[in-house]
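Heads up: the protein sequence lines correspond to chains A and B, in order.
In terms of the UniProt record's numbering, the first sequence has 295 at position 295, counting the first letter as 1, and numbering is strictly consecutive.
In terms of the UniProt record's numbering, the second sequence has 177 at position 177, counting the first letter as 1, and numbering is strictly consecutive.
Rather than coming from a laboratory, the hints here were simulated on the basis of the structure.
Keep in mind the model is a prediction, meaning the values are calculated, not measured.
We put the beta carbon where it would ideally sit given N, CA and C, even for glycine.
Treat each hint with caution, since some may be false.
As the list claims (entries may be wrong) - So the derived label-pair ranges between C-beta atoms look like this: (1) A:L181 x B:T74: 32 to 40 Å; (2) B:E37 x A:G175: 53 to 61 Å; (3) B:E81 x A:R298: 39 to 47 Å.
What the hints assert, rightly or not - Here are the simulated DSS-like pairs of lysine-lysine, each with C-alpha atoms no more than 30 Å apart in a straight line: (4) B:K60 x B:K106; (5) A:K289 x A:K272; (6) B:K167 x A:K289; (7) B:K167 x A:K272; (8) B:K106 x B:K41; (9) A:K109 x A:K217; (10) A:K289 x A:K162; (11) B:K60 x A:K109; (12) A:K272 x B:K41; (13) A:K162 x B:K41; (14) A:K289 x A:K109; (15) A:K162 x A:K217; (16) B:K41 x B:K60; (17) A:K217 x A:K272; (18) B:K106 x A:K217.
What the hints assert, rightly or not - To give a feel for the contact side, a few chain B residues facing chain A, derived at Cβ under 7 Å: (19) E37; (20) D115; (21) L116; (22) A129; (23) A162; (24) S163; (25) V165; (26) A166; (27) F172; (28) F175.
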Amino acid sequence: VRIDVMAMNVNGNARAPDGKNKKKTGGVEGGSERGNFFLLAVGSKALNEIWTNTCPLTFCDGLCRLLVMEIGKSCCFSNLTSNVSTLLITITITLVVIRFLYVIYWCGKPLRTSLQPISTLIVLGSGGHTAEMLNLLSVLQTDRFTPRFYIAAATDNMSLQKARVFENSLVNEAGGEVVELAQFMQIYRSREVGQSYLTSVVTTLVAMAHALWLMMKIRPQVILCNGPGTCIPLCVIAFFLKVLGIRWSSIFYVESIARVRRLSLSGLLLYKLRMADQLFVQWPRLQSKYPRAHYVGRLM
Amino acid sequence: MGDTDERRKCNRTAFVTVGTTSFDTLVRAVDSREVKEELSKRGYTHLLIQMGRGSYLPQKSTGEEGSLTVDYFTFSSSIAENLRSASLVISHAGSGSIFETLRLGKPLIVVVNEDLMDNHQSELAEELADRTHLFCARPQTLYQVIAAMSLESLIPYPPGAASPVAKRINRFLGFPDD
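Could you build all of it, start to finish, from the sequences and the hints given here?
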C-alpha cells in the first residue's frame, strides 16, 4: 500500500507538496516528503476528513511504513532486531498520537443519554471560588451527580468545611435518607501564592503525583472546576486517563465571575490545550475573545 | 448639639470590609482624617472596620463632639449582619464581598488593592462601576469619592442565575431537560 501524506488544512482541502490545492478524494494521497507526515489534521474538520475518507487500518499501516522508512533512511540500520524494535516503538507512538487526536476530537462532543447517576469530582478553591461552585451545585440535580467527591488544596480548610455544610443541608432536605455520602479530600498545592518558580516546579510534580493517586482512586465521570490552580493537575491527569482509555471524564470549567476581560491562567491552559469539554464564561467580552468558550451570563 | 443628637438617632454606619485578606492601605485610608470628615459630612455616624489579617490597628473612638464613632474587628464567621445594618459599604475587590453587598442592595464603594500581583480583581470592580452598580476608588482618592458620590445614581444589580450553566451541563451529558 502506498500511503503518502500531504498537508491538509482545516477545511479538509488537501494540498499536494507541489503546492497545488486538491479537493479531498477517497484516501490520502500525494507525494511523500520527509517531515510531511507530521502534518496531521489541525482542526476537527480535517480530522473528520481523514476518518471518513480513509480506512483507519490502511492509514495506520501506511503511516507506520512511512515512519519506519524515514527513520531507516536516516539511521542506516542493518540489524534485523533493531528494525523490529524500532517498528514496535513507532507503531506505539503512532497509536498514542492517533488516540490523542481522537480524544481531542471527541472532547466537546455531547455524550449519549445514559440516565445513570454520574460520579462527580468537584474542585474547590479559596474564597470566591468555593462560593461560586456551591452556588452552581445548588441548582444541579444532586441525584444525577452522585457520588460526589470534593477536593480542596491542603492548606485550605474553609472550603471543605463549606462543602460539608452544603452536603449536610442536602441530607437534611432528603430527610436523612441518603444513598451515597459525599467524600472530602485534600490535594497538595502546585504553587503557593508568591512561591518562587524554581521550587514551584518541584511542588507541581509532587502535586501531579498526588493528583494521579487521587484520580485513580476516584475515576470520576464528570469534573467541575472553576479556577483555582488545584484543578490543573487534576484536569491534566483526567485528560491522560482519557487518552489511555482508563476513564472518560467530562471536564466542565466555569471561569470565575471576577474574570471579565481575560481568562485566568487555569482557564487559559484548559482553553488552549483543549482539555476542557466545555469552558463557560460569565461576561460577553470573554466569549468574543475566546470563541470556543460558552457565554452563560452571571451566576452570582 | 441638637444636630448631633438627631444624627445619633438615625444611626448610619459605614462598614469597611477587607474579607480574609490583609489590606492595611485601605484601613489606613479609612482611618484618616480626610475620610472620616467626609463620612461625617455625608451624614454617617458610625464607622465599623473589619480589618482581616492586616496589622494596622485603627483608632477607636466613642464619637464625642460630633465625630464618628469608630470601631473595628478582625474577622467574624459572617459579615451578613454587618452588611445588612450598614448604610454604606466600603469593600476590597473580592467578588464574594462585592456580590454579597450588591445582593443586599447596599451602596458600595470598592477599593482595589494595588499591592496585589496580577490585579485581576480590578476588572470586576471596573466593569460593575461602568454599569453603575457601585463606585470605584483608590485608597488615596477615597475621601473624594465619598464627597462626590451620588447614591441615587446607583443602579441595582440584577441577580445572576446558575440555571443556564446547569442546563447546558445536563444537555451535554445527555440528561433529559427538566
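How the hints compare with the structure:
no., hint, result
1, A:L181 x B:T74: 32 to 40 Å, "holds (35 Å)"
2, B:E37 x A:G175: 53 to 61 Å, "holds (57 Å)"
3, B:E81 x A:R298: 39 to 47 Å, "violated (25 Å)"
4, B:K60 x B:K106, "holds (24 Å)"
5, A:K289 x A:K272, "holds (12 Å)"
6, B:K167 x A:K289, "holds (24 Å)"
7, B:K167 x A:K272, "holds (25 Å)"
8, B:K106 x B:K41, "holds (19 Å)"
9, A:K109 x A:K217, "holds (26 Å)"
10, A:K289 x A:K162, "violated (34 Å)"
11, B:K60 x A:K109, "violated (60 Å)"
12, A:K272 x B:K41, "violated (52 Å)"
13, A:K162 x B:K41, "violated (41 Å)"
14, A:K289 x A:K109, "holds (22 Å)"
15, A:K162 x A:K217, "holds (23 Å)"
16, B:K41 x B:K60, "holds (19 Å)"
17, A:K217 x A:K272, "holds (28 Å)"
18, B:K106 x A:K217, "violated (46 Å)"
19, E37, "violated (33 Å)"
20, D115, "violated (12 Å)"
21, L116, "violated (9 Å)"
22, A129, "violated (11 Å)"
23, A162, "holds (5 Å)"
24, S163, "holds (5 Å)"
25, V165, "holds (5 Å)"
26, A166, "holds (5 Å)"
27, F172, "holds (5 Å)"
28, F175, "holds (6 Å)"
Hint compliance for this structure: hints 3, 10, 11, 12, 13, 18, 19, 20, 21 and 22 are not met, and every other hint is.
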